[in-house]
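Protein chains: 2
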Amino acid sequence: MRSISTRLSSALFIGFVGLLLAAHLVLPLAVAEAPQAAAPPDPLPSWNQSQSKQAIIAFVNRTTTEGSPDFVPPGERIAVFDNDGTLWAEQPAYFQLIFAIDRVKALAPQHPEWQQQEPFKSVLGGDLKALAAQGQSGIAQIIAATHSGMTTDEFNAIASQWLATAHHPTTNMPYTQMIYQPQLELLAYLRENGFTTYIVSGGGVEFMRAFAEQAYGIPPEQVVGSRVKYKFETRDGKPVLVRLPSIDHLDDGPGKPVGIQQQIGRRPIIAVGNSDGDLQMLQWTTAGDGPGLAIIVHHTDADREYAYDRESHIGKLDKALDEATQRGWIVVDMKDDWSAIYPNN
Amino acid sequence: MRSISTRLSSALFIGFVGLLLAAHLVLPLAVAEAPQAAAPPDPLPSWNQSQSKQAIIAFVNRTTTEGSPDFVPPGERIAVFDNDGTLWAEQPAYFQLIFAIDRVKALAPQHPEWQQQEPFKSVLGGDLKALAAQGQSGIAQIIAATHSGMTTDEFNAIASQWLATAHHPTTNMPYTQMIYQPQLELLAYLRENGFTTYIVSGGGVEFMRAFAEQAYGIPPEQVVGSRVKYKFETRDGKPVLVRLPSIDHLDDGPGKPVGIQQQIGRRPIIAVGNSDGDLQMLQWTTAGDGPGLAIIVHHTDADREYAYDRESHIGKLDKALDEATQRGWIVVDMKDDWSAIYPNN
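Going line by line, the protein sequences match chains A and B. In terms of the working numbering, the first sequence opens at residue 107 and continues consecutively. In terms of the working numbering, the second sequence opens at residue 107 and continues consecutively.
Read the hints as simulated data drawn from the structure, not as lab findings. Backbone N, C-alpha and C define an ideal beta-carbon position, used for all residues, glycine too. Each hint can be trusted.
Covered stretches of chain A, as calculated for chain B (at least 3 residues, CB under 8 Å):
#1 340-349
#2 382-396
Distance windows between CB atoms, simulated:
#3 A/S352 with B/Q267: 34 to 40 Å
#4 A/G434 with B/M256: 27 to 33 Å
#5 A/I420 with B/D428: 49 to 55 Å
With the rest of the complex left out, here is chain A:
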């Protein structure tokens, strides 16, 4: 009996170890792959249970379920997100303009002539209304003076330094923390479902690349934005790319589908924006032969963030809001649809 008992114990032990190994290996796969009978963890916990959330999840399900008539292969699951007002805040001014103004102040000692010369004089005097009154040309001069002349590596260092140290004038938060928690969850949820998530924004591509990977998990090659012209030359015996004071591509409005075609080369199936500058990107995304989802973030929360739409100078949402209504696009009401705005708040 002893020998049988020993053999039995050994067999049970081997069986136990085998099962343990099998369970260890099989169960996580089963959990990850099979739809669970019990309630799965909510992939979008900062999104309230709303029509917007249901519509997003339903779209992801029908485009990623094999056998579904709307199934889209992983490589073609392209989702594009505007940045200003869609992934991070944009009030009281685009953060990149605040960066440019800070750069004017930092560079002023090397440019005594700026004390008497517009638009620099207004910026240095803190008169942003006077700057605004000079319109696009004033802002273009500020951008040219602060965003060109240096190499791409130098610009990256300058932008990274500012992003790491500057604080928002009213929230006092670092700008890179004024990103939207519900959108971080949406980006992660889409990536987990085989989507590639791109930024397609009017902002400068190199400015965004300086923080997009850390803030959003979006690497440089998945950032599409406005560009200055670059010139390849040799400085101190090394090849460099110098930023020229001339716009190569303005990635706004009709420029967004153009930027998408240049850099991605396929039509997205999800587009997320918040302003009329995103309208053509939303139209382009929903005009393909297959499924296409358009989402607009509507800033309705004056208490936790900002409330603005049709009359705003920054992030004006007017025509795109009308078209969203006509075409049944998802309009996310920030106040009602999002239970949190910023991370860790």
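Given chain A's structure and the hints, the job is docking chain B onto it.
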């Protein structure tokens, strides 16, 4: 005894099933992940055992081995490949020019004026020497007439149709089979080692995107090339991107690092080219702070492919060959280093 024996059998059976499951799951992982003691399969079977091959494998090993001083994280493992003469052949003319000439002939019935009008007259008369004598401006007119006016979708259909049906004048092979087998292996080997493989070519980006995924496994967003300007407009109630007869970006020579910065936004660590048009891309790739590898394909095989370098009008390799010698770049001798040229040959 029977009951014990039954229990023993059951226990052994469970153990066996458990072990089988475990083995089934564990063993393939172990095979895939662990370095094998036995000789691993050659990742580059169409590359002869040469210095070039050894240097490529050594570079991949030291940039992908954790703990190596030259270790590069996967996201930063960018490899860029020229297309014409590097991934596929380029003689007796760039294949895209042959496509353009075929398009002139196909469109000629709609353009009776071309019979009397240069450069079309020369093309329609089969006098390519006369076309060449008209220089860049003649070719630019051919490209404008055949590559613009249509939407991006329409152009993709036209290019795809030609690529699927046209044959090379001397080999009689479809152009998409005149791709280099050793380079297909190198692309696959790099991707297996966590590299992202891009095309960075003077060819038209949309022309290359029409076949790059099928031929090389390179998706549209990983193709960088020359571009025409696009215009977003509405045709028949649908938003479209129309190709304009105007160059937006010439991705050749100093334009290659520019195209890389625009679209990828990080410096590659491997660059592969075959002509002076690749020189700046090779310089840029090897000028970073970390490791950088430059590879030049030298066309030395008049029997199996073509032999040309310093004096060639197409794919001229002169300055880059001198610089390769000075700087110890890898120069692949097609005749000696490659045991095969095209797939299935």
